[in-house]
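Here is how the chains run, residue by residue.
Protein chains: 2
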Amino acid sequence: MVIPEDLGVSVGDIVRIRKNGLVIQGVVMPKHAYSAPDILVIKLESGYNIGVSIDSSASIEIIGKKPIEQLGVEQPRGAVGTGPMVKVIGTGGTIASKVEYETGAVRPAMTSEELLEIIPEAGEIARLDVEILMSILSENMEPEYWERIAESVYRAMMSGYEGVVITHGTDTMSFTSAAIAFAIQNMPVPAVFVGSQRSSDRPSTDAATNFIGALLAAAKAPFAESVVAMHSDTSDLEIAIHRGTRVRKMHTSRRDAFQSINAQPIAMIDPYKREIRITSSDYRPRSRGEPILYNGFEKKVALIYSYPGIEAELIDIMVDKGYRGIVIAGTGFGHVPEKLVPSLKRAVENGIPVAITSQTLYGRVNLAVYSTGREMLRAGVIPCEDMLPEVAYVKLSWILRRTRDMDEIRKLMLTNIAGEISPRHTKNLYR
Amino acid sequence: MVIPEDLGVSVGDIVRIRKNGLVIQGVVMPKHAYSAPDILVIKLESGYNIGVSIDSSASIEIIGKKPIEQLGVEQPRGAVGTGPMVKVIGTGGTIASKVEYETGAVRPAMTSEELLEIIPEAGEIARLDVEILMSILSENMEPEYWERIAESVYRAMMSGYEGVVITHGTDTMSFTSAAIAFAIQNMPVPAVFVGSQRSSDRPSTDAATNFIGALLAAAKAPFAESVVAMHSDTSDLEIAIHRGTRVRKMHTSRRDAFQSINAQPIAMIDPYKREIRITSSDYRPRSRGEPILYNGFEKKVALIYSYPGIEAELIDIMVDKGYRGIVIAGTGFGHVPEKLVPSLKRAVENGIPVAITSQTLYGRVNLAVYSTGREMLRAGVIPCEDMLPEVAYVKLSWILRRTRDMDEIRKLMLTNIAGEISPRHTKNLYR
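Residue numbers (this note's numbering), protein chains in the order written: chain G, 1 to 431; chain H, 1 to 431.
Calculated from the structure, these hints are not laboratory results.
Some hints could be false.
[Unchecked claim] With a straight-line cut-off of 27 Å between C-alpha atoms, the simulated BS3-like cross-links for lysine-lysine are:
no. : chain 1 : residue 1 : chain 2 : residue 2
1   : G       : LYS66     : G       : LYS19
2   : G       : LYS321    : H       : LYS345
3   : G       : LYS299    : G       : LYS411
4   : H       : LYS299    : G       : LYS345
[Stated by the list, open to error] Some chain H residues flagged as far from chain G (calculated, every beta-carbon gap over 12 Å):
no. : residue
5   : LEU7
6   : GLY12
7   : GLN25
8   : ASP38
9   : GLY64
10  : PRO67
11  : ILE118
12  : PRO222
13  : PRO285
14  : GLY289
15  : LEU377
16  : ARG402
17  : ARG404
[To be verified] Over 10 Å on every C-beta distance to chain G, these chain H residues come out as not near it, computed from the model:
no. : residue
18  : ALA58
19  : MET134
20  : SER135
21  : GLN185
22  : GLU275
23  : ALA312
24  : LYS411
25  : LEU414
26  : ILE417
Where a beta carbon is used, it is the ideal one built from N, C-alpha and C, also for glycine.
Produce the entire structure from the sequences given, and follow the hints as far as they go.
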């Protein structure tokens, strides 16, 4: 944890900053180790944090003091191991779980010490600080849990950890990795999601190698993004690092179930040699900037896959039930049956954005080629480029807590915020 | 068209057959060229056709005559080319379309002659008989169109064609190929679906090579199944033959968008050398048997993908709206959030089967591993092995027109009817 003492204030000080005619009032927060020395992080009344550059045009006035334990920041406690400080946030996956041999029950490792008992080599890579945030099966994830995870990851990044590992069930891990990519922007260090396809009491478990790969990424990798670390093949020798907004679980049971879709993995990690091989130059590097938390996800968003026989009333019901956004995974270029178009139009006219992706998963939607697509465009749908259906769902849910203005929603959906949209594809991105 | 004259009756005769204490009454129908000589195909009052083996225990009485033009069978008309007789059924894809250079509009080739104008080499492979059954964009496909296509393919098979090619839009082609696989059983010859990812007025069109590949399969391949013929890669040199119940469009725009999932392609076809290379020994061979038409698809079936934040009321609404079946593409092994389980239970208790597949697409559902899955099983859901979500949707829709008995539905869903379920996977079926 870095305290911005060189600017004459301490963490917890309530300050009023005047700069260029603006007045900013809030509580001084801890800074990340990489932060530029002239940046002060202020928690506003609204709960949001902003970074303020304190140059000669700024004046600071200390108007009070808040006890540090009320700031929601943390200092490492119970950290074990050597090397860079890494925060490990447990959410409930089978990874890093401990089998109680008396009962056979699997429960998450509760402390840093317990984690090192299971994976002793982890302590040679980083100093670990484990927090069990929640303990749920990932099929039971909800947008409000994404918010709690975002808050926790953000706090760790604000508190100066060199990286964050989030252990997570694999079922919906890619939804959460996308949620964190949108909720925390300007990440200074990586947030690495990791899971396990086989629990750690099985000989074929991938828990330890995946975890070591994730830890190496969190402690040492040059990128600072929300990523997923999982087996790249069945060899146990390589952990792939997938961008959190470009990854999807593509197999029910295989250890290499996770795949980058419409993108290359960012890196491959050898968990034995402890080597990180960067495989894509397109990543956000670690930085001295402060992370920015834009938390909150709208719950009333629907994700619908189109199919022959789908009824228009399904869309009407969503509108009538008060849904605030609809994401459709259409067929081919993103089509729905023509008979659905009036219902899409009605949704849009009611202020409910309709975002279009494709159930082919690979490739880019294009509603300009065929007449059905053009009718959909006239109805006001948002064609979401090469975004995965699940990622468009998470993104729309996130945007709807930022704005309800339709033009703004459309603009944000079509702006590449966290690597979820690419301008074009190279040939090797498929098969 | 083969007329079963050797049994003393003619096509169109209304007969009463007595055999083993049963009385079967109906109209004598044409037989396929491969049919066993002692089989008589009878159209019953119900509209269904059955094959009756006329051995020494059977007696036939002619009780009337129906004009042949009322039988719904056909004789080749306007066929062009040389070689095996192949029926080409147009449903409206851009494949085999004709660009009108005056207007730039694309319309399907309406006659066999027009098709040969576009793809002259087709006439060297087979005698073509083209029928434009419908002309719709495939995103507008509906279960009732599947029924019309099934009727038409069945009629062609009953009329002695050596194979059937169905041109179809690519968006929902795999839904229709699955529908035909269930609707027509005991196929004597192949039903080959073919589409085109680039229309025939574009230099990169795949229309001609795909069509030649499909035609070769229909005329000469040793298998007799519902299959899809599309580019296997971007080389233009190889057309893959995918089983109709195992294929999925996996890219919005690439010519090699179609992929076999959880299965190997059945064959690869070189459209230039006109060679068929069989790549899987697991196929149904051409036979002398009669096809059996089990037509009809229930429209009130829903296909729902699970996601974090999905609400249980979505299931309740389906039940309340009179849906007769629900297919869920769950996460991972096939899970839904635990909070949905009571709604699934209510659906099952209301006689609405709930079939479970996985949105990972690859792999097999397994609801026995985690507690959520076990709760789902206790609620009475049907875990659909390694079936694709779309195929489970088509299959459940088809089963619901055969029976409403829940035990029977479960049994049929879990019985491999058309290659949609495999007992186990080899390692090379993924990636």
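Hint check results:
| no. | hint | result |
| --- | --- | --- |
| 1 | G:LYS66 with G:LYS19 | holds, 23 Å |
| 2 | G:LYS321 with H:LYS345 | holds, 23 Å |
| 3 | G:LYS299 with G:LYS411 | holds, 21 Å |
| 4 | H:LYS299 with G:LYS345 | holds, 24 Å |
| 5 | LEU7 | holds, 41 Å |
| 6 | GLY12 | holds, 36 Å |
| 7 | GLN25 | holds, 35 Å |
| 8 | ASP38 | holds, 40 Å |
| 9 | GLY64 | holds, 39 Å |
| 10 | PRO67 | holds, 35 Å |
| 11 | ILE118 | holds, 20 Å |
| 12 | PRO222 | holds, 27 Å |
| 13 | PRO285 | holds, 30 Å |
| 14 | GLY289 | holds, 29 Å |
| 15 | LEU377 | holds, 14 Å |
| 16 | ARG402 | holds, 17 Å |
| 17 | ARG404 | holds, 18 Å |
| 18 | ALA58 | holds, 42 Å |
| 19 | MET134 | holds, 13 Å |
| 20 | SER135 | holds, 13 Å |
| 21 | GLN185 | holds, 21 Å |
| 22 | GLU275 | holds, 23 Å |
| 23 | ALA312 | holds, 12 Å |
| 24 | LYS411 | holds, 23 Å |
| 25 | LEU414 | holds, 17 Å |
| 26 | ILE417 | holds, 19 Å |
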